[in-house]
Amino acid sequence: MIAQILAAAVILTTPILLAAIGGLVNRQAGIVNIALEAKMLVGAYVAVVVSSVSGSWELAVLAAALAGTLIGWLLGLSITRLGANVIIAGLGLNVLAAGALGFVMAITYGSSGTLRLPDMVLLPRVLPQGVEGLPLVGLALAGLDPLTVLAWATVAALPFLLGSTRIGLWLRATGNAAPVVRAVGLRPALIQDAATAFAGFFAALAGAHLALYSIGIFNEGMTAGRGFIALAAFYFGRNLPWPTAAACLLFGFLDAAQIRMQTLGLPPGLIGALPYVMVLVILVLSQIRSQRSQR
Amino acid sequence: MTGALLRDWAERGTGFALPVVVALAVSAVVLLAIGENPVTTFGLILSESFGSARRIASTLSAATPLLFTAVATAVCFRAGVFNVGVEGAFLIGGLAAVVAGFSLPADLGWALVPLCLTIAAAFGAAWLWLPGWLLARLEVDEVVSTLMLNFIAAAITATLVNGIFLSRQSGNNVTPPVHAAAELSRLMPPATLHSGFLIGLAVLAAYAVWTRHTPAGVEGAWVGLNRRFARVVGVSVPRTIITAMLLSGVVAGLGGAAQGLGQLHRFSDGFSAGYGFTGMAVALLGRNRPVGMLLGAVLFGALASAGTTIQLFSDIPLDLVNIIQGIVMIFAVVELGRFRLGIKPKVQG
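Read top to bottom, the protein sequences are chains A and B. With the first sequence counted from 1, adding 171 to any position gets you our numbering. Just so we're aligned: 80 in our numbering is position 94 of the second sequence, and the numbers increase by one with no gaps anywhere.
Source of the hints: derived by calculation from the structure; they are not laboratory data. Using N, Cα and C, we set each Cβ at its ideal position, and we do this for glycine too. Do not rely on the hints blindly, as some may be mistaken.
Stated by the list, open to error - Where chain B lies over chain A, by a calculated footprint (3+ residues, C-beta under 8 Å):
{"id": "1", "segment": "173 to 183"}
{"id": "2", "segment": "250 to 259"}
{"id": "3", "segment": "269 to 282"}
{"id": "4", "segment": "442 to 453"}
Here chain A stands alone, though its shape is the one from the complex (with noise of 0.2 Å):
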């Protein structure tokens, strides 16, 4: 039975992680993302199709992560260019996805809500199945993908990339001192344009897991709110990639328990919330620290 939970809260994680992921890159280019959520479902959708028509699931992933990347670069020029408002205009992005997903989804389809199609194409497993015969981690090693090792891997990567490399330099300047990145010549709106982006790329990328690990439908629900969890992953981690990746693995753990917990006789809703409850206290027990250290 632990088996079981460990092995179903990596494979919910991964999804929450690689939002994460994206939407802490921006925020360190000082951005909120707050439409994490739109692309995750573009991103679905989109792997979703291409999967059923390509019959491959790389490149379904990558038209998936494509048009993410394509929706963030178009949010990051209305906020850099345009002066938008950064969380207005992300929840804008937000209603916008979803009316024109299902505009798309009832034209072509016919079908409202839910998308099945054939010849779906799933994400295969990364190591042999022979592994599932290794106690506890071995069911969770058997179902591990490409993208939850290629979140875990970022997540490893993403200490030096923004520690020690130019451009992590440049983002973070760009966060937290914009004046000085035009000051040595640099262009601060061209960063958060390339920042949003990316997490355009990543939160795409996690809507195409949920869409292509196990199920290989659409459903206008299927984000459920993970966008946002993502949200509170970063906040909660403090931007930092190791730090959020854990918040990430909590949140899949709770989800993972959620099931469990319900026959425990605990409302499913309550636990849902969570996380959002946790990253409430978080803020508040860290605006607690950070003013007492001002005094």
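Position chain B against the provided structure of chain A, taking the given hints into account.
Just chain B now, kept in the frame of chain A:
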């Protein structure tokens, strides 16, 4: 003086028209792409939403919750408080009003409605007091806190509706109906337009008076325009923030009550069709001004009520309304040329 006034109105008019025009242009392209005639469709929307007394009534009925959520949003936005938690307060207020409406003794008679409204307002205010206090005292980012509180409100209300407040007769996800005495009266039966619409207008009028003619309202605008200036002239910024949040909660709670007591007569799953977010679009479109918000609420009310009919009689999916709403939100805060549209961008780190 008149020149400045005229320019102000012209700018407001452009601020309202531009997002709408862009949204209509995009939907026209979308409609052309699926082989529908945009002119016919827009004509149909117009006649379906304003073509007869009954249709006007259903448009105004759909606009009612938006009046409340728009004012609730505007109260905060004009003070520079980025409250996106109106949706949550709407849910909490709505459930509080409905629960009061069926559990208080029915023989309270006429006193039942004001009681329920007061309870809803109190719950709404309490709900948004928390992020207000956290922002004012601890500088906890209000966007994140109110966003999180929306999800928490949805979880709490869904759990209660499926738990202790579940109706024994009707099965899943609904409370029992409120007492007949607690219902807001229908203005033109059989249309669903109810006296909640009048309460909404009263709230809008009160907002107009508050923003212009009360010290607290004027101070709110100062805090929104320039916090440092407000502090220098002796305005308490924390108090202004908390006041804005409390008022927002009161209005959002009343909106939930109007929806519960006037429209649905009970609380059910899907109680709010994203009214908090549409209200945000309305507030942005109307640039926090009473007249603009009234027009915006009627516009979105018309889209919602006509959209349902259009879907029945043609192949145009209802999702078109969401596309329009999203575009309106984005373009209401976009800055084009010399016109500054919407509120200042706020980049956070």
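Quick rundown of the hints versus the structure:
no., hint, result
1, 173 to 183, "violated (count 0)"
2, 250 to 259, "holds (count 8)"
3, 269 to 282, "holds (count 8)"
4, 442 to 453, "holds (count 6)"
The structure does not agree with numbered hint 1 stated previously, though it agrees with all others.
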